[in-house]
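Q: Here is what each chain is made of, one letter per residue.
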Amino acid sequence: MAEFDITSKERDGMGPHGTNVGLLRVLGPAHVWALGVGIVLVGEYMGWNFAVGKGGAYAALVACWFAGILYTCVAMIDSEVTSTVAAAGGQYTQAKHIVGPLMAFNVGLYLVFAYTMLEAANAITAGYLISEVARLTGYAGTLDQRPFIILSIMFLAWLNYRGVLATLTFNLVITAIAFAAIIILFLSTSGIIAPSMMHHADLFAGSAALPYGWIGVLAAMHFGLWYYLGIEGTTQAAEEVRSPARALPFGTLAGIMTLLIAATLTWYVCTGLIPWEYLGDGLNGSVAPLFTAALLTNSQPLVWLLGVGTLFATLASANGCINDASRAWFALGRDKYLPGWFGAVHPKFRTPYRSIIFLVPIALAFALKAPLDQVVTFSILSGLLEYTFMPLNMILFRKKWPMGSIKRGYEHPFHPLPSIVLLSLCAITFFAVFLGYGTQLVAMIAFYIVASLWFHFWRYRFVSRAAQFTMPWPRPKGY
Amino acid sequence: MAHYVPPKQGKLSQLFDVIVLMALTFGALYIPMFMGLAGGVKTVPEGAGQTWEAMGQNATQIAQYNALGLTKPGFTDPAAISDIINARYDYSFSVTALLVMVVIIVAYYVLMLKFSETEYREVIAEKFDK
Chain A
1274 MAEFDITSKE
1284 RDGMGPHGTN
1294 VGLLRVLGPA
1304 HVWALGVGIV
1314 LVGEYMGWNF
1324 AVGKGGAYAA
1334 LVACWFAGIL
1344 YTCVAMIDSE
1354 VTSTVAAAGG
1364 QYTQAKHIVG
1374 PLMAFNVGLY
1384 LVFAYTMLEA
1394 ANAITAGYLI
1404 SEVARLTGYA
1414 GTLDQRPFII
1424 LSIMFLAWLN
1434 YRGVLATLTF
1444 NLVITAIAFA
1454 AIIILFLSTS
1464 GIIAPSMMHH
1474 ADLFAGSAAL
1484 PYGWIGVLAA
1494 MHFGLWYYLG
1504 IEGTTQAAEE
1514 VRSPARALPF
1524 GTLAGIMTLL
1534 IAATLTWYVC
1544 TGLIPWEYLG
1554 DGLNGSVAPL
1564 FTAALLTNSQ
1574 PLVWLLGVGT
1584 LFATLASANG
1594 CINDASRAWF
1604 ALGRDKYLPG
1614 WFGAVHPKFR
1624 TPYRSIIFLV
1634 PIALAFALKA
1644 PLDQVVTFSI
1654 LSGLLEYTFM
1664 PLNMILFRKK
1674 WPMGSIKRGY
1684 EHPFHPLPSI
1694 VLLSLCAITF
1704 FAVFLGYGTQ
1714 LVAMIAFYIV
1724 ASLWFHFWRY
1734 RFVSRAAQFT
1744 MPWPRPKGY
Chain B
1011 MAHYVPPKQG
1021 KLSQLFDVIV
1031 LMALTFGALY
1041 IPMFMGLAGG
1051 VKTVPEGAGQ
1061 TWEAMGQNAT
1071 QIAQYNALGL
1081 TKPGFTDPAA
1091 ISDIINARYD
1101 YSFSVTALLV
1111 MVVIIVAYYV
1121 LMLKFSETEY
1131 REVIAEKFDK
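Going down the list, the protein sequences come from chains A and B. Just so we're aligned, residue 1274 is where the first sequence starts under the working numbering, counting upward by one. Just so we're aligned, residue 1011 is where the second sequence starts under the working numbering, counting upward by one.
With the rest of the complex left out, here is chain A:
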């Protein structure tokens, strides 16, 4: 057994490669929950409804639950590996220690692009919402959304630059409000505290429930991921939580439970109020479905509440995305997988400030230029590639360090069942993306293949070999 104890409460200050300046350990389980749910909750406020467009209302519900199973597997696997490999970079650092440098480089890129695209999607939604508020409050012209998109991203980047505790405390508060807004909308419209406004039977009549048949159910899995995409981001805070072994599994698993409830309630309310064709068109129809649902209740307090909820959800998500993408970029730079300049920590705020600043223009470029469904698809594809890596990672982790050889903060049950289920659901989702968005899928994989060749044949020469392995573990079995 290695002497290193991940469960120790006294372990602190893990600076990069033995340096003294590490990220600040100030976060608790609630912050981890807020980081995970904060990034993802926006998935209930926008984007998931493209699943209705791809398969109809029932298809979106099936996708919601199957994606829920997929993410439960992700959370189980993540909790075990992260509570043992507690370092910034999350899955990137895991890949580096368990699979190898090239896989780690790719996983780092998956994380950066999944989160940066999600951040761009959030900014687009925030801009749309502000223009809707302007219209509803009597503004006659067409409001230019771009200044609001730019301001949202710049403000949150500044917040992240200043420090992680303030950033995630801010997230905790606005995420809680956004979650409460969904609960209140459900209670107010479902017949529990007021007369029911639901029209499921009539809105699902005829072919409306499954307009494409069962192939539509498969196709809907593509955007089904959006209900939960980003929950795995909790691992990015691994170097900044006070007790990784306790806070990371608790925060992540509580997060996935919260999201399963929120996703199901969201589906129930939206499909019971909005005709599926309008709901499923997130570009020209319902961009922010919970807000649209609130408009259909004719209740001003609900309209305002869900407007605020949508805005808070997008801000919380964008905030968490900046946090996670910058840490992944920082970790890549720290290990020289990217130029080492990015691996710097701010001397006063102890944040990866150069990475935070560098990713701002990339997020802006996509938020200002690309349509929402394509930005969402880019994010989903990077996430999907990452989830496909996870079961491979888990199987190799248990094989190279069998149970008892190192101390794990959390051990997930039923191995290798979650890995097999996750891999199968990823295969189904690849097919779902292929139905309708095949070109983007091929373009993204072509990008990762070219980037991999670039890394293997050029960039890797600048990387120290042994220094990449920073965990005080014994030699992996079979090596």
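If you are wondering where the hints come from, they were derived from the structure by calculation, not from laboratory data. Computed from a predicted model, the values in this text were never measured in an experiment. Just so you know, not all the hints are guaranteed correct.
From the derived model, a few chain B residues whose C-beta atoms are all more than 12 Å from chain A [said to hold, decoys possible]: (1) E1056; (2) G1057; (3) T1061; (4) A1089.
Below are the DMTMM-like pairs computed for lysine to aspartate or glutamate, each with C-alpha atoms no more than 25 Å apart in a straight line [what the hints assert, rightly or not]: (5) B:K1018 <-> B:E1136; (6) A:K1672 <-> B:D1093; (7) A:K1680 <-> B:D1139; (8) B:K1052 <-> B:D1027.
Positions of the beta carbon are idealized from the N, C-alpha and C atoms, including for glycine.
With chain A's structure known, arrange chain B on it following the hints.
A: For chain B alone, coordinates are given in the frame of chain A:
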């Protein structure tokens, strides 16, 4: 195993690496978009109806569209939203295209695992063979 000492990378070379990566990123995301190949292909069938009846909408569905019309101009007129109601994905696909996609995905992961394994063995050897 001999200790590998990486060469020191100059500032210009670092900058070049960032530019390459950015060019690849923007290329992967923007080229399909500019070529019109990105995004879901939803089309309106030729001769699709433009009245509530022709579009198969029942009383509740019409009522909800009318309710949306209170807040969004144009939604009480079925012709104005017929494109949203009638548009559908075409899920027909060729088996060859599907097989090509499967081969690309599998080849990607095989490449990844194979190259990673070579690099990983070097890392472990240098770390543990003192």
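Q: Hint by hint, note whether the structure agrees.
A: Each hint tested on the structure:
1. E1056: Non-interface label on E1056 (chain B) holds, nearest chain A Cβ at 18 Å vs cutoff 12 Å.
2. G1057: Fine: 18 Å to the nearest Cβ keeps G1057 (chain B) off the interface.
3. T1061: holds (15 Å)
4. A1089: The claim holds: A1089 (chain B) sits with its nearest Cβ about 14 Å from chain A, beyond 12 Å.
5. B:K1018 <-> B:E1136: holds (19 Å)
6. A:K1672 <-> B:D1093: Not satisfied, since the Cα-Cα distance of roughly 54 Å exceeds 25 Å.
7. A:K1680 <-> B:D1139: holds (23 Å)
8. B:K1052 <-> B:D1027: Between K1052 (chain B) and D1027 (chain B) the Cα gap is close to 39 Å, so the pair fails against 25 Å, i.e. violated.
When the structure is compared with the earlier hints, violations turn up for hints 6, 8 and for no others.
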